[in-house]
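K.L.:
One letter stands for each residue in the lines below.
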Amino acid sequence: DGGITQSPKYLFRKEGQNVTLSCEQNLNHDAMYWYRQDPGQGLRLIYYSQIVNDFQKGDIAEGYSVSREKKESFPLTVTSAQKNPTAFYLCASSPGTGDTYEQYFGPGTRLTVT
Amino acid sequence: AQKVTQAQTEISVVEKEDVTLDCVYETRDTTYYLFWYKQPPSGELVFLIRRNSFDEQNEISGRYSWNFQKSTSSFNFTITASQVVDSAVYFCALSDVFSGGYNKLIFGAGTRLAVHP
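As they're listed, the protein sequences go chains A and B. Counting from 39, one number per residue, gives the positions in the first sequence under our numbering. Counting from -14, one number per residue, gives the positions in the second sequence under our numbering.
Hints in this document: simulated from the structure, not taken from any laboratory.
Here are some chain B residues pointing at chain A (derived, C-beta under 8 Å):
{"hint": "1", "residue": "Gly28"}
{"hint": "2", "residue": "Glu29"}
{"hint": "3", "residue": "Phe32"}
{"hint": "4", "residue": "Phe76"}
{"hint": "5", "residue": "Lys89"}
{"hint": "6", "residue": "Leu90"}
{"hint": "7", "residue": "Phe92"}
{"hint": "8", "residue": "Gly93"}
{"hint": "9", "residue": "Ala94"}
{"hint": "10", "residue": "Gly95"}
Glycine is no exception: its CB is placed at the ideal position from the N, C-alpha and C atoms.
Build out the structure end to end from the sequences listed, making use of the hints.
P.N.:
This is how it looks when you write it as C-alpha cells:
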C-alpha cells in the first residue's frame, strides 16, 4: 500500500530536549511538507521540500529544522528553541509541479513537551 | 493576501439532517485550487475534493455535494442525510503557488461537525 507513515503516534519529551519526528512516503512524490496543528486552528506550514537536498522555510519555521537526504524521507527536528512545541504535527507530500496540487497526509504525531 | 475563513467553529446535528459547511476565501490569483479535507478523530487528513477556479459546476459525490461560487468567493460543502461517521473536523483549503510552481495550502481554521444518533 502506498502512503505516508509518521512515527511515533505520540511523543513525550522534557523541555530543553531536541526531538526528531519521522516522515516516510512511498508515493514517489517530489514535494514534502510539515505542518503544525494547534487546537481550534488550521494547519500552518513549517517547512517544505521540493526535491532532495533542498528545503525552504514555511510560515512558522523558527525553532524547527529539517533534512531531505532521500526522496522518501523528510524528518523534522523540534529544537529547544521552539517556545511552544506541544502540538500535533502532520507530514504531507504531493507529486510536485503541474496540475496536481493535492496533498496526501500522514497520520500525524502528537508531541507533548513538559 | 491569501486567506480562508470558516466562520462556523462547531456544528451539531442529529443523524439524517442535512448540514452545510461554509468556506469563504480571498486570493489575488486568477487561477487557483480549492480543497476540502476531513479530519476524523484519528487525526489523519483525508482528501475529499479539489476544484479548479475555472470550473464552477457543482459536484455531487454520494451524500456529499459542493457549491462553488466565484462571485461570492465561496466553496460550501453540504452533507445530505448526515451519519454519525461524518463526525469530524472539516477543513477548507486554498492553493498558493510558490515560485517554481510547487504548491502550498492555506487552511481555514476548520469546522467541527458532531452528528448525534
